[in-house]
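Single-letter residue listing:
Protein chains: 2
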Amino acid sequence: MTCDLLVLGGGPAGYEAALEGAALGLSTTLVERDLLGGTCLNRGCIPTKLLLGATAAVEELAAQAKVRVAAGSISTDMAALCTRKDRLLEATRKAMRQKLESLGVTVLSGAGRVLRPGLVRVDGPEGAQEVPYATLILATGSRPASFPGLAPDGAAVLDSDGFLGLTAMPASLLVVGAGFIGLEMAQAAHRFGCSITLLDALDRVAVQEDPEVSAALLSQCKRWKWDVRLGVKVASLKTVDGRAALTLDSGETLSADKALIAVGRRPNSADLGLEALGVELPRSGFVPVDEHLRAAENVHAVGDLNGRLLLAHAAAHQARYAVRHAAGKQPGPYAPGPVPSILYGCPEALRVGRTARELQDQGLPVQVSSAPLAANPMAQAHAQTQGFVKVCWSHGKVAGVTACGYDVSRLATTAAILVDQGWTRDQALELIFPHPTLDETLMAALAAEPKNI
Amino acid sequence: MTCDLLVLGGGPAGYEAALEGAALGLSTTLVERDLLGGTCLNRGCIPTKLLLGATAAVEELAAQAKVRVAAGSISTDMAALCTRKDRLLEATRKAMRQKLESLGVTVLSGAGRVLRPGLVRVDGPEGAQEVPYATLILATGSRPASFPGLAPDGAAVLDSDGFLGLTAMPASLLVVGAGFIGLEMAQAAHRFGCSITLLDALDRVAVQEDPEVSAALLSQCKRWKWDVRLGVKVASLKTVDGRAALTLDSGETLSADKALIAVGRRPNSADLGLEALGVELPRSGFVPVDEHLRAAENVHAVGDLNGRLLLAHAAAHQARYAVRHAAGKQPGPYAPGPVPSILYGCPEALRVGRTARELQDQGLPVQVSSAPLAANPMAQAHAQTQGFVKVCWSHGKVAGVTACGYDVSRLATTAAILVDQGWTRDQALELIFPHPTLDETLMAALAAEPKNI
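Protein sequences appear in the order of chains C and E.
For what it's worth, the working numbering labels the leading residue of the first sequence as 65, then goes sequentially.
For what it's worth, the working numbering labels the leading residue of the second sequence as 65, then goes sequentially.
These are calculated hints, taken from the structure and not from any lab test.
Treat each hint with caution, since some may be false.
[Claimed, not checked] One side only, chain E facing chain C, incomplete, derived with CB under 8 Å:
1. 139
2. 314
3. 318
4. 360
5. 445
[As the list claims (entries may be wrong)] Computed list of chain C residues with no C-beta within reach of chain E, every gap over 12 Å:
6. 108
7. 109
8. 112
9. 128
10. 141
11. 151
12. 182
13. 193
14. 291
15. 317
16. 341
17. 460
[What the hints assert, rightly or not] The calculated lysine-lysine pairs, modelled on DSS-like cross-linking and capped at a C-alpha distance of 27 Å, are:
18. E:130 with C:393
19. C:515 with E:163
20. E:515 with C:130
21. E:461 with C:461
22. E:515 with C:393
23. E:393 with C:515
24. E:163 with E:515
25. E:302 with E:130
Glycine included, each C-beta is placed from N, C-alpha and C at the ideal position.
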């Protein structure tokens, strides 16, 4: 029997697509070749936050120790944390499966491949089956990128999947790639006492962020006494005598117990049979989609797979739209509100909407107002007063918010609303921000005199 | 020379009033009899948050220890914290004074008293002076309430001012009054290892909150092994042999190193010469105001003094309105948006807009939707999964948000916008909440099926 909606992939996008399909009364089948929850739940955001959350006290204590208010020692039991992590993730997967099944979604284990328009073959542990569909949602996600000479080797050289699979933290770690994934995982390791060497081919960390955010993050890396090498190229990285051995283009060699390669992600698009749909993949492998997130007739590609934004919440939002669009409930093009991007840890970094540079590149007028965290009483209370909140204005309306510092992720949802609604300064001044909160530094940035840049 | 704007009190309301006066080009004088920053900065919110912030690691560690992921010990140096607190508060006062003076505000030390409409006498350390005014803003705030038999005695029985003045934490503490002040200060003491006995005449803690919030807070008090006595009356409380000795109406006696009386606050309205303005004070002492926050012609009373809402951010917002109203810039009645109320600590509690009970009392239709924190990955990461977020709806729009649990204060500003704008469920579902965040439990509560109560 043809299912109304067939979803390939059970990560944040696929799960949301299946829920929305069921909510709309469509007969829905979801195909997952590995674990429900996908990268985010099993090998990405969530296990990383479990590492950072479990060690939050370490950073809080370090900050108070630095101002000589507190002293002490904390040891985190990595094996116990892994057991807890496995239990929590298993419970979440079970809850996801129960919810899908309670809504009548058929969940198949296996890898799906398009045979021809309207027909997918699923190869699973119990053999192969053909599933005819009316609408297909491709949501197969992404995996850690690797390159010749820069690939996990099953020993001391790991990618993020391998790092999150560790059951003991190494004493030293080389981190290749200073993006969000590298920075979060390095911080987690640092809190276990691991010595960190951070390398990137570019000349700043977190290169997608506002340069001031990159500078603030770099300062913190140095305060942690990380060995940070920017603008360097890795000539080779491999396991030698059980340790990670890295050679730079300059000939310099570095070694550590383990190395983490965090140089981006690649889409899982190769084995989907897309050629049967007439889809031609570009070199990047990301599936091209139109303004309705369609890759072909009756086929949408959502989430990491289309490469628009590699964020779980963006993926879920796209998925919901795609199903509603396919069902004729949302005819217009996909036009999401601003999508917050957050780096976790201490400090955190936040970006919502457009940066000053993006506005300039689009030929739009741009003004910037900002406020430091230094005077914020909550930042003071946690003895972490570095950082700032910056608001980008265009035509007198909030167009973007960028921040770096203690707990700035808490500004994300409010900032998303401000950007989405294009608040004016006068509107912002009417809102009552609770006192004392970190949020007041956003208020101060909104109230500060905007300056041309 | 007559000043355009005379402000009595340099707390959150008075400070904001003076800034707004200066911004509007009014010749402005601010009179403060004690310290700039008032109760909030010097004897209230801020020192309490410094205590809670300095000990945040203690609670984070305790939560991870409970799930056997971490172990360790932390000692907080109360004397060092006091020194740091004094330094931070002094710096904030200095910055406030500099900002006032840079804007041309005259700052006078002393107590102001109305002699007749248009004239105030200021008695200060350098003698008395008379200050004629065109507009007067009364913002003299409040002080801890006490009653016969329930008053600080300069020894072991303290009010919140006395508690925040301690330079060493007692080993045991009786807390009389289970409102926000008592709960926050008791938590701070608890984190120093102090043994807590919490008493209240009412039958629940945090009585102004939703009953579910009270219940969740009470559960946590019990998990901390506090001795909680609700529905009890204190017959006497005094210092005996250097310790606090409390007798209940039942005859039972309790003792501890110190006692904290936290039974509300009273306005500083007695010595303002209000009779010269024809103002008659009610028994409560709170200054009656009209819909424009006016106590008399050309006289506004704002902040704690008028008793509307004893919150710093409400006070500042009222003050800004009052000055703008006096200057003819904001002719309409005072109609603030929703004012968030936050209890800090672990858990936190949050209230924005109206509770289900308040809506019912107003004869409005009410529905409630809610979501538990248990499934939230950030709550799981911090091993603090108790609590919930609850949304109250009226006529299909968000009318209030109430929450209790780990870090729920981060929902406050977003919730304030949702309540202020009366978001519908469909609007909320279009907003992209970042993943993973605590905020997603607000999203889940917004998405959950509303139920009649």
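Interface-negative label, residue 460 (chain C) against chain E, beta-carbon threshold 12 Å: holds (19 Å)
Check on residue 109 (chain C) being off the interface with chain E, judged by Cβ distance over 12 Å: violated (6 Å)
Pairwise hint evaluation, residue 393 (chain C) against residue 130 (chain E), where the allowed Cα distance is 27 Å at most: With a Cα-Cα distance of about 48 Å, the restraint between residue 130 (chain E) and residue 393 (chain C) is violated, given a limit of 27 Å.
Beyond 12 Å from every chain E Cβ - status for residue 317 (chain C): holds (36 Å)
Restraint check, 8 Å cut-off on beta carbons, for residue 360 (chain E) near chain C: The hint is violated - residue 360 (chain E) has no Cβ within 8 Å of chain C, the shortest such distance being about 26 Å.
Restraint outcome when residue 445 (chain E) is required to lie within 8 Å of chain C by C-beta distance: holds (3 Å)
Chain C contact restraint for residue 139 (chain E) - C-beta distance below 8 Å: holds (6 Å)
12 Å Cβ clearance of residue 193 (chain C) from chain E: holds (32 Å)
Residue 141 (chain C) non-interfacial with respect to chain E [C-beta, more than 12 Å]: violated (6 Å)
Distal placement of residue 128 (chain C) relative to chain E, Cβ over 12 Å: violated (6 Å)
No chain E beta carbon within 12 Å of residue 291 (chain C)'s: Given a closest Cβ separation of 27 Å, the condition holds.
Agreement of residue 393 (chain E) and residue 515 (chain C) with the hint, judged by alpha carbon distance not exceeding 27 Å: holds (26 Å)
In summary, the numbered hints that this structure violates are 2, 3, 4, 6, 7, 8, 9, 10, 11, 18, 20, 24 and 25.
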